[in-house]
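Respectively, the protein sequence lines represent chains A and B. Numbers -4 to 300, taken from this note's numbering, label the letters of the first sequence in order. Numbers 40 to 544, taken from this note's numbering, label the letters of the second sequence in order.
I should point out that these hints are in silico values taken from the structure, not numbers from a laboratory.
Straight-line Cα separation of at most 30 Å, DSSO-like style, residue types lysine-lysine; simulated pairs: (1) Lys314(B) - Lys478(B); (2) Lys246(B) - Lys152(A); (3) Lys152(B) - Lys65(A); (4) Lys544(B) - Lys165(A); (5) Lys65(A) - Lys225(B).
Beta-carbon label-pair distances, calculated as ranges: (6) Asp488(B) - Arg47(A): 34 to 42 Å; (7) Arg47(A) - Val487(B): 33 to 41 Å; (8) Gln528(B) - Leu257(A): 29 to 37 Å; (9) Lys175(B) - Ser261(A): 42 to 50 Å; (10) Met89(A) - Asn165(B): 46 to 54 Å.
Residues of chain A clear of chain B, computed beta-carbon distances all greater than 12 Å: (11) Ile0; (12) Val11; (13) Gly60; (14) Val106; (15) Trp292.
Note that beta-carbon positions come from the ideal geometry of N, C-alpha and C, so glycine has one too.
Here are the chains, one letter per residue:
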Amino acid sequence: MLTYILRRLLLVLVVVWGAATLAFGLLYLSGDPVNLMLPLDASPEAREELRRAYGFDQPLYVQYGRYLIKLLHGDFGTSLRSQEPALDLVLQRMGPTLTLAGWGLLFAVLVGVPAGVLAAVRKGTIVELLTMTLALLGQSIPVFWLGLMLILIFGLKLHWLPISGAGSWKHLILPAITVGTFVTASIARLTRSGVIAELRSDHVRTARAKGLPGRVVVYKHALRNAAIPVVTIIGLQLGALLSGAVITETIFAWPGVGRFVLIAVSQRDFPVVQATVVVFALMLAFVNLIVDLAYLWLDPRVRYA
Amino acid sequence: MRKILFLLVFMLAALPAWAAGDTLVIAQGVDATTLDPVNHQETPTANVAAQIFDNFYRRLPNGQYEPWLGEAKALNDLTWELTVKQGIRFHNGEELNAEVIKFNFDRLLNPDKPLKYSTYFKTITNVEVTGPYTLKVTTSKPSPLFITRLTYLWVVPKQYIEEKGDAYFANHPVGTGPYKFVRWVKDEEIVLEANEDYWAGKPKIKKVVFRPIPEASSRVAELVTGGVDIITNLAPEAVAVVNGSGVAEARTVPSIRNIFVVLDVKGEGPLHDPKVRQALNYAVDKKSIIEHVLGGNGVPVGCPLNPYIFGYDEKLCEPFPYDPEKAKQLLAEAGYPDGFSFTMGSPSGRYLNDRQVAEAIVGQLAKVGVKAELRVQEWSSYVSQILERKIPTDAWLIGWGNAQFDADNTLFTLLYGGTVEGGPKRSIFDYWVDPEFDKYVLEAQTVVDQAKRKELYKKALEHVRVGAPWIFLYQQKDIYGVNKRVKWQPRPDELIWAFDAEIVK
Chain A
-4 MLTYILRRLL LVLVVVWGAA TLAFGLLYLS GDPVNLMLPL DASPEAREEL
46 RRAYGFDQPL YVQYGRYLIK LLHGDFGTSL RSQEPALDLV LQRMGPTLTL
96 AGWGLLFAVL VGVPAGVLAA VRKGTIVELL TMTLALLGQS IPVFWLGLML
146 ILIFGLKLHW LPISGAGSWK HLILPAITVG TFVTASIARL TRSGVIAELR
196 SDHVRTARAK GLPGRVVVYK HALRNAAIPV VTIIGLQLGA LLSGAVITET
246 IFAWPGVGRF VLIAVSQRDF PVVQATVVVF ALMLAFVNLI VDLAYLWLDP
296 RVRYA
Chain B
40 MRKILFLLVF MLAALPAWAA GDTLVIAQGV DATTLDPVNH QETPTANVAA
90 QIFDNFYRRL PNGQYEPWLG EAKALNDLTW ELTVKQGIRF HNGEELNAEV
140 IKFNFDRLLN PDKPLKYSTY FKTITNVEVT GPYTLKVTTS KPSPLFITRL
190 TYLWVVPKQY IEEKGDAYFA NHPVGTGPYK FVRWVKDEEI VLEANEDYWA
240 GKPKIKKVVF RPIPEASSRV AELVTGGVDI ITNLAPEAVA VVNGSGVAEA
290 RTVPSIRNIF VVLDVKGEGP LHDPKVRQAL NYAVDKKSII EHVLGGNGVP
340 VGCPLNPYIF GYDEKLCEPF PYDPEKAKQL LAEAGYPDGF SFTMGSPSGR
390 YLNDRQVAEA IVGQLAKVGV KAELRVQEWS SYVSQILERK IPTDAWLIGW
440 GNAQFDADNT LFTLLYGGTV EGGPKRSIFD YWVDPEFDKY VLEAQTVVDQ
490 AKRKELYKKA LEHVRVGAPW IFLYQQKDIY GVNKRVKWQP RPDELIWAFD
540 AEIVK
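For reference, chain B alone in the conformation it holds in the complex (with noise of 0.2 Å):
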């Protein structure tokens, strides 16, 4: 009897650590760089930051945003009042007003050591204290895009980061959110437990864990095991691994970025005839390349838009139908009957089979009579190249996540060619230049009426229609993994909130 007890001991010591019942494991490739959350660039980091803080203005899973830990109210084209929400206070007790905003904004816009969130709040000039909730921000020029940014604004506490530093916080952080910081282990995991007095109410979820695994296959393995509840980056050749493993399945959502290649319209190669990009855009064939390359985890998409920004266009932004008949018909107007060559660069491992999609599109080119020598690089050198100009290909596959969910950020931040006097000089893929498109995108800018916004995008789209400055692939779809006792919709801008899951069994 005692032997047997002392070998069920034993096996139930053997088990690996599962993922108890009130506590959601969420498994990442990365661990977080900082819990500062307005001092880091990464996903991962801002999923750990996001249970512990909350945001002025919250973003929902459709992609609108709501008032949150506040509300702004334009006073005129240049001033804006915010209220604070009463009543709430940090995980050390700090009530939150108008003084500890104040105190955010002077931190973010401290010249002497910017943050990495820094640059979405340049236009602000002037914020002050009206009330002990209201506050009054002066910005340098109109910004249609003000409110958008405040979801940005992850607010921090005063006298907590008086007291204690910058540094100490980073690795202690305290926040209003409803997850309590209580310790990180470097590289191995981060515990949370739940903010039991959440002004939104009390969390569901008792206990959230983070554990960073690099390796994809070792994070499916945890997820079929039940060793983790969420992980991230599920490939889509591992899809029926997790379906087929009965404890968990893989969830999808069509995400902020759109997958592209850009082309090098200067000079006078074939690539400068809009006639020659109408033809690339309609000899690929994108349905194809999701079917059978992402394992169907993609959706066409026509223009460099997708549905949850402001400014998409239905009509505009229907993809160009696969035909590779006009694609040569419009090759031979243009003058190019037996086609031609031309490079095209991809980075290897940064986007869903990044790779292979850009082999399948050569494959497919080479249908049409056009050449397409494919060079594979690493990101970090492929990116460092794009953003010097000194990417050595005549085109070159990367993605776009528009993580404000506004046409501005995308169509002025990639297209805008630089031609409008007075206007900034350039932006970062603006080898197509059409005045017309530049001066709409600019004007967009300073519009605070949206739908007028609205209008002028439309009008912006048209030309990117015509001009096809691009090879329009497909919005990406993120794929995670998730166990099945877990109640939770992955959402479109990578964000995972505990405080919308649960837990059912």
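One chain only, chain A, in its complex shape (with noise of 0.2 Å):
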């Protein structure tokens, strides 16, 4: 077991290498921050000057191995257009936007879960047909869309909301569920498909022919086998979260992450932007052993070597 965690760990290492390194190639095959850095009528002297003061200039194996050995120590320098350190910059807004994955979570699990019991109990009705529409709809609808439009119903027709901005619980409602949306439909999908199956199997037959009532039954002996696969989607789905946080996050104003590597990545803020990335790598490769360690304990069959 304890190997296997650590085998599990010296992965994670790999990863954040690798997104390290993706990070580094991309942004530097997209361009030179120093022409966004400095006015269009900086004199092309200035610009070799940035460009020497941020190592620019150098070959890119040596920025390479900088960045690198700066990476080992935490360090991924200084932020180019505020000039405060890029991982700091970036773990102050780590915050609002874990809180508001949070809250999406909270929001699809308990939408989701009982939704898809529903459609699963219900199953060739009217009551099914429509969940699953609503599921359907859930997950095709683009996250951008679906914020305006709750701005527009709940903010500007409704008054009942706040559009934009953070501060108290009211901000946090309706980018929650814009966020939470797509992993609520698909939550429902998985937990009705999962309900289905178990609901057909043997042992739920042997629970009714004993003459347990519906809802247990329902609740303790099927929703409880089809649970293991809505943990691991859960743990899947963090991703999905974090990037539709970057447009949640835009639309709403909210203050997070997401909406701050946006403006860095069109900025061509390279620490921020790299310091982002591997914050993020880090968080979804250690969800991922966690939903990994999850399983054992859902689900005793199930042994890791």
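The task is to assemble the complex, starting from two chains supplied on their own in separate frames and drawing on the hints.
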């Protein structure tokens, strides 16, 4: 078991190195940040000076080597836009993003699981049709459109909720729903198919034959077994939540890392983009590890060696 | 009864954070990057800094400047005497005097720690304190733009920075300006409160809040529900929504930014012929583009300058009329009776409907037989290609905002061809080369007599008119959405100065 965890941790390192290298390579292919850091009318000499100051005049392998060495020390350099340590800037904005992702996930579980169970139990009725149509919509509606529609209805027309910004729990509702809708739909569909399969299984038939009430059969016997793939999908959806946060945070002016990195990319703020990519990669790798370990706990048949 | 009361309280609590009575909420696209007023490059940052700090000379809404924290007088071509206004204090009580101004120059001129505004003060060679409120500043060459550059001297406190350091200062600014810094929650809000002891008078608005809202439609939604008072970069398509809201209205101002198409006139292609370039200018219907693509938010202009800029000449800057017949005739004279083809680049999302404008130009040129193939790019790679001269197209659409309000920052910076011996080598878009023009704009850099400079720029513009190095398009209008309760007019330099504003009801 311990060796398994150690091996997985080593793999995390490889993943992070891969992500860091990819972030480095893609950014350098996309062009020199110096041109954006100075006004258009800055002299070529001033540009050269800045290029030298940041080391952009060095050969690529030298820059890459320096980058990796600094990375090992947890140093991503200073943001080209604000002159502050890039990692600090990213971590400062991680809180709001995780808050948003957390509430989005909570919304997804609270709505998605019951909806899936309902659709499974009422298979073949209008209830299933309705739930699954909504789920299909939830998976196919673009995040930005959904966000704008929620603003239009609840902010602009009904005046129930704030349109943008942060500061109170009310600010959280619309962005959390926006970011969580896709996951809600995935969970609902997965729960439905899992529960349907379980309802047909032998142990459920036995439970029914014993005369257990329907509710107990569904929730204790069918859902619990159907939950295993759902837990996996929740872990994997963290990626979707974080990438959804880029758009959601932009629409709702939520002070998170997604919107921050969007500006950083368009401004070629290399250190900030790199720090974000590495932090995200670390998070995803760890979440995957936790999901795999949670599997053990949920399903005693699973053994890692 | 209690139920009703409860419901009422709940409903009130559920209302969005309305801009309160004496608070002005300004929404811009992005957050400030720093609150050091001389170490940034963006208008949104400048707008926040301008509330907290004062500059040595102040830019007026009409583009003129006036003495603000002090006054400068030329002693001779190379020496200036600066007099600092007395009795002004920073928000922390520190006094403004000649030592503080010297500290500001030293900070900008420190070669080990260049600031983003250092570039405006490069010609200064020596700063000497001559009295408690007077200084002598020496420049390496005659500088007709010396005072213009003093509008970039946003004055920071000496003691405070020496004690707390630059990094702390950039997050906890202290200035002499009309508003004091309260707090900055990154990407969420910057809160400022009125400086009741402001030396130029008590601010009328008690509190100013800057909120970064990146999505344009969210800014509009906030504006029309009263959540914010002023929004920047209102899209022409959204003007009707804002005006129809009853709460807010669109206010526009012709900006200092001109939009134009640079033509790569080097080489032997058709664009090398001035007649062809004039023809292109006649073939583009500026009025129609402004009306149909920009919702009326532009002013046609026929030269690289606009009326705000020193050196502008009404006659030489008159827009080329839309005259496809004349264009065809000029093309025929140049030997292209059946037109020709070339490639044109455009950014997308950098300027007001830039891509659509480029598409309209392509359509209009087709009517005189000129086939332009359009290639649209994302701004950051586009601008890099232009600066590094790797842009793959024969022409490209771009804008230029001359924030110095002086022809030098357009004619020299963009068009100087590097032909004067011993002079600078090149400028940004020096594809067009005219030795006479070069001579005039270079001379204007060292003549302190403004009337003579104006004459030089007039001669330079005559050459531009004939040479037609660009397709001259229009002066862009900035569109703001403003709550009707706010008395405030937008300025051409994109500055939102809360001290000028008032909340009327």
